[in-house]
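Peer 1: Each chain, written out:
There are 2 protein chains.
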Amino acid sequence: MHIQQFAQVTTSFAAQQQELQALHLIPSHYQSLSLAELSQAVFAKLFPETSSTVTMQAALGRYLVTNTQNLAAFLPTANWDLARFNTVALQLLQFEVGTDFQLDQSAQFITQVGLNLLMTPLKTPQDFLQHFYTLLTVHTKFGITYLDDLTNRGYFKATQNFAHPLFFNGKAVAVFDPHQAIHEVVYVESDLDTDHDGKRDLLAATIIRPRETANGLTLPVLYTASPYYRGTNDVDADLHNVNRPFATTVPAAIPAEPLAPTPAPRAIHGTSQKTEVSCDEPNFYSLNEYLLPRGFINVFAGGIGTRDSEGVRTCGSPAETASTTAIIEWLHGDRVAFTNKTDGIAIKAWWCNGKIGMTGKSYLGTLALAAATTGVPGLKTVVAEAAISSWYDYYRDQGAVIAPVDCQGEDADVLAKLCFTRQKDAADYQQVKPTFDQVLQHLSAGQDRNTGDYNAFWDARNYRKHLDQVKASVILVHGLNDWNVKLRNPATFWQGLHHTHVTHKLMLHQGKHIYMNNMPSIDFTDMMNLWLTQELFGVTNQATNTLPQVLIQDNVQPETWLTPTDWNHLDNPQQHYGLSAHQLIHPTQRPNEIAQFQDDGGQHFLETQQNVTDWEQQLFAQTGIVAQQSLAFKTPPIAKELIIDGAAHLQLNVAVDQPHALLSAMLVDYGVARRLTPDPTVIERQGYQLGYHWLRTDLVEFTQAAPTPFKMITKGHLDLENTIDSATITPIVPNQDFTVHLDLQPMRYRLPAGHQLGLIIYATDPGMTLRTCQQTQYQINLAASQLNIPFQK
Amino acid sequence: MHIQQFAQVTTSFAAQQQELQALHLIPSHYQSLSLAELSQAVFAKLFPETSSTVTMQAALGRYLVTNTQNLAAFLPTANWDLARFNTVALQLLQFEVGTDFQLDQSAQFITQVGLNLLMTPLKTPQDFLQHFYTLLTVHTKFGITYLDDLTNRGYFKATQNFAHPLFFNGKAVAVFDPHQAIHEVVYVESDLDTDHDGKRDLLAATIIRPRETANGLTLPVLYTASPYYRGTNDVDADLHNVNRPFATTVPAAIPAEPLAPTPAPRAIHGTSQKTEVSCDEPNFYSLNEYLLPRGFINVFAGGIGTRDSEGVRTCGSPAETASTTAIIEWLHGDRVAFTNKTDGIAIKAWWCNGKIGMTGKSYLGTLALAAATTGVPGLKTVVAEAAISSWYDYYRDQGAVIAPVDCQGEDADVLAKLCFTRQKDAADYQQVKPTFDQVLQHLSAGQDRNTGDYNAFWDARNYRKHLDQVKASVILVHGLNDWNVKLRNPATFWQGLHHTHVTHKLMLHQGKHIYMNNMPSIDFTDMMNLWLTQELFGVTNQATNTLPQVLIQDNVQPETWLTPTDWNHLDNPQQHYGLSAHQLIHPTQRPNEIAQFQDDGGQHFLETQQNVTDWEQQLFAQTGIVAQQSLAFKTPPIAKELIIDGAAHLQLNVAVDQPHALLSAMLVDYGVARRLTPDPTVIERQGYQLGYHWLRTDLVEFTQAAPTPFKMITKGHLDLENTIDSATITPIVPNQDFTVHLDLQPMRYRLPAGHQLGLIIYATDPGMTLRTCQQTQYQINLAASQLNIPFQK
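Protein sequences appear in the order of chains F and V.
Residues in the first sequence are numbered from 1 upward in steps of one, following UniProt numbering.
Residues in the second sequence are numbered from 1 upward in steps of one, following UniProt numbering.
There's no promise every hint is true.
With a cut-off of at most 20 Å between alpha-carbon atoms, the simulated EDC-like pairs for lysine to aspartate or glutamate come out as follows [to be verified]:
#	chain 1	residue 1	chain 2	residue 2
1	V	K348	V	D236
2	V	K141	F	D81
3	F	K45	V	D280
4	V	K433	F	D234
5	F	K141	V	E96
6	V	K157	F	E281
7	V	K341	V	E184
8	V	K141	F	D177
9	V	K355	V	E212
10	F	K433	V	E184
11	V	K157	F	E49
12	V	K157	F	D234
13	V	K45	F	D280
14	V	K380	V	D468
15	F	K341	V	E49
16	F	K348	F	E184
17	F	K433	V	D100
18	F	K157	F	D177
19	V	K157	F	D280
20	V	K45	F	E184
21	F	K157	V	D468
22	V	K141	F	E184
23	F	K157	V	E184
24	F	K433	V	E212
25	V	K433	F	E96
26	V	K341	F	E281
27	F	K141	V	D236
Not close to chain V: a few residues of chain F, all C-beta gaps over 12 Å, as computed [claimed, not checked]:
#	residue
28	A59
29	A72
30	T87
31	A445
These are calculated hints, taken from the structure and not from any lab test.
Each residue gets a CB set at the ideal place from its N, CA and C atoms; glycine is no exception.
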């Protein structure tokens, strides 16, 4: 077990005393108390489940201070020393004596696990307060601070009269009752008319705010723009057929997306502070739900074309971004919202302190990035998890049509359909369907699945063009094994942020397309709390300097988080490899040789109804027919570990015998090892608790799986007709060689000493590319080919 | 999509009107209203999210009545007919026009899905009321009644002054606010002293009761005895080694379990109505949490040896049963509980109406069965899911040591350790550890992993011996693919219940060791509500006659639930098969032949680090080395489907060349088919909602998987030294033949026409049996062997 915390803030003793008093954890006359008296007073507070002295004493009696004394017996004299205090502290943190640690070995255990308990001597009441203060900031075995554990056991229910909001160690404390929260819906009037009905699109926004805001308290907002918020449609029948030949004709010019003029705003017939619609939607994002009882108002909006809103879905378009920022403009006081869609009664976000943060994963994080690139006033920070920064990099790769993993046949039009949840209300859908069908046609044409090329459609969906507009601070979070939103998305955005003036931070975990907020090895939720408390409450809490600039989970050692200075830095040194028969060699030793393989366009894969996992295993192992459909090269076992950091680049001199063809390449780690599990293991079902009688979610961690012989490091795909760039077609002359540059997806991967680095060159990637069933002969001129790997010094 | 509801109760029109009035869904002067007026009044109630006429009208405007009219426009004249009403009804039930059904085809869709909407003409206000009443009882697309959907959207929050409790169509309605519930802990004094400390074991009981009980309302209790309630211990290191030879020595006589005399009861120094400890434990059983807002108090207790209780774990013993029933005795007023463990203040369950039901799955359901077999007063009914009825049938099979699936090396002592959560409190554990270690030794000796035989230890853990004591009604629920708690457990108990006078019902689903309460194809939760409302509230609601006696999910057709008259009936007719080379044949045609195979005691399995799934696939397919370690026999493709119903029986004449050996057999369904998924598919994440702003869980269903060539039907295991019975050792004379009788686990399986029935005879079952690495030669005299299969006429 290893626990790393980055959100513990160094606090002066004076501030510690003030904070402990604000929590009512020490009595007002604490300075006149002896060590024993102070200890008794403090420990008496730690069992909010008990409501009598007898049961409180019974609770104390469950903890051992020494082998011969329990805490209840010890406290009246309380001759603390460091070991005794930490022995009790560990038990309070739910580590078990005998199972997790030995009674006389608290110090060793603390070091081994990495707990940031105070290790200074403990003799005086002042010492005790400092140790106790620190204990409140340290994580339990179950991934939360001890203060959060106290909170979850009812501390703020049992004792009353706390400040609202309340902060401790720089972070907001859960003093608001989420069950008393007000749930309401308003309709924000955008400037858009995406459904071409001559009226500005109204956008439903759902607000969940602490009851205390009803009495004049203003609080910041965590806003999540989620096209999935009101459900999704089944689009299985709408997926594109990927089992078809390459297109042979270049499409006509992409028609411009139809834009309706902005209609006049609705007349305002009055104002109100009272909404007319409430809601009960599923909780679906535990970070927001964690922060709600801590005083962050939750706002959710589906955006144009989602159920109860107006407009249509346009997948990644500027209109979608405007529909996202419209909510912020209303929250910030810069836009009108109504209590309903018809009678013109305006309502203000009078409970909002004007500071808005955005959160969300995948499409939700994408819209947070999109909003950030507008510089919309009021948006102070975004936490974008697994976010797309350019939709081209989601559905395409260097001219090739590439599906996100497990989403074969999906494209922008399909996703628009998936989220067009106005479809769920029959009478509403009946009105808008003809318009949406037209918009879908434009999406389908614009995305251009024939050439796969970058065009005006995709350019309009590239948020990175507007990086210079970013005013909000940005935290990017991404999984290094995310093949849904591939790593080029955060990598390129991240490097772009270096050219802005905003604070930006990066957190990379070892997961796929998942959250990282319920892993006990890292205090992600605390970090977000610290960050958002600074950015949205304006509390001076050293968050910017306390949180690491870059945090990366190691891929070899479980529960290990590193803080390098950067990731994917363009100046990283490069290791160059030449290609020889089955080997990666020094570039100067490249043989004058042509290697070749024959791709069948996925024919065998389709005929044998193989699954992608099995196919991939055969590719790695170079067994079966797949071995003939690829070329594999390996280094000898490496003497010293290599940390790949950035985008590997493959330069190939290639000839094919067909006028259309694609090329794929992957890097593979060869070497039997107990790698991390692809999906995190559930450590404790429902073990991660978000508040008192509030939601729980599973506690998970990447653990070491059974030994495997290999693992993919990264891969990339390319349309061979895109030798210049993704926007330009260069026709292939069959059997004539040419040079191509293939960028693999950026990565951070530690290849341990003794392992071999492998490169596999192939073509059809049945889980992601078209499966044309075209027979194509590939010839690679090894003398003119090279692999470049950026690495961390 | 197919939906079957069994908990809709036929109700007179007079009662329907009364119930609708009690729900405030129709106004008091409803009898004077025209059809249009009545419709308008009723529909105005159906949108509790809206709090203004404008937003309510907007909600109505989302539904289509006909292709040209929405509901808001329709209602002022409201010329209903059946098709119009059902078109709206389907939308209210969240079926989507265009996606799920066509606007002009409601009747076909209703029939196809199996919705029990009223199909009589709709012309008068009276007709309307009857149709609307029925609609409230019909399931939405998301597995709940329309009334529950209304409830979940805040109906009982928006309107006030309902009766508490409130019943509709025979079932309790969610009018209690679970967030206002009182959470408290008391300590029940048992007659036990399992920790031998000279004091009666106190047992912590957690109570979660609606706030309204504080003012004198008494309600029934749903009690779940869960040894896992306060956590579990990690016992990986305590698992028994199964990679070892058969034991060669018969152990000495099993020592009797140590029983301490019952100490005197604690002195009572006073009484109180106020508890002194509250709690916040995870919600873990959605049936209880569904029923809490419906007026069923939830009580949880860990029992002896669990955290905060006294005593030690004894796994299945009579003491454990007594610790389970002690809570019921307190709830029923027959036993003392205290507010804490020390000062003798007694407290009564003054909020309980004296009627207790038990619920739970696995160990939890087991303790419900255990309690039922005591006849303890107050216990009116048990719903036992995947329950053990004799612990011998959990850890043993006909003399062989057999692990529950995925639990190799587990046994009664390991489970006792797993649940001995007093270990989590260091000071408490320090006191009791020496005693528990002694008890563990007795458990280890008593369970006797050497012979695997039935003895006094297991006999004390056979609840079926006390079937004649059962006074509570019993509902057994079990998965037909549960290889954790194998089907002999419910099958034998079920047949035993036929000899009692209690009402008993059986529900078998196609899952493994799972719940069946979140599958939209069946209204399990409604059935439980109906049942518990009758049994615990005493409401006359026809539950006994309305609910099927036996409900079985079909294994071929998804979403299909059958109601045969019985299961595993001992008089079921038998099909007899003889064994020939690779064939199952007519018994008269048995060849005079010896078939043989060589078992390696799992050596190859262990050496190649194979996983059980792969091993099993090879066994079914008879490929690899496994084919030589088994004998396989198949029928020709069967002309007519065969419904196996009960326990298949294999009679074998066998000789082995070793003095110790085991034997296994399985039945296999051969035939390429799209079978049901082994685990249910998540249909809608968090789609199953238990109440207003209350918990949600996933909605799941068994769907058709990709085609597979075979599936195991059932299996069984036998120690060859147990030819007479499980309690008697008959030494094997190597190489001398003898006859054995192997009972396979009872099953219900529909083998479709065209498939082949397969029998595989083998020995080591690496996921369940010992893996001795012993080389054993098996000879089967086919002329003297026979397979008997009970089937459903």
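Peer 1: Compare the structure with the hints numbered earlier in the document and write down the numbers of the violated ones, lowest to highest.
Peer 2: 1, 2, 4, 5, 8, 10, 11, 12, 21, 22, 24, 26, 28, 29 and 30
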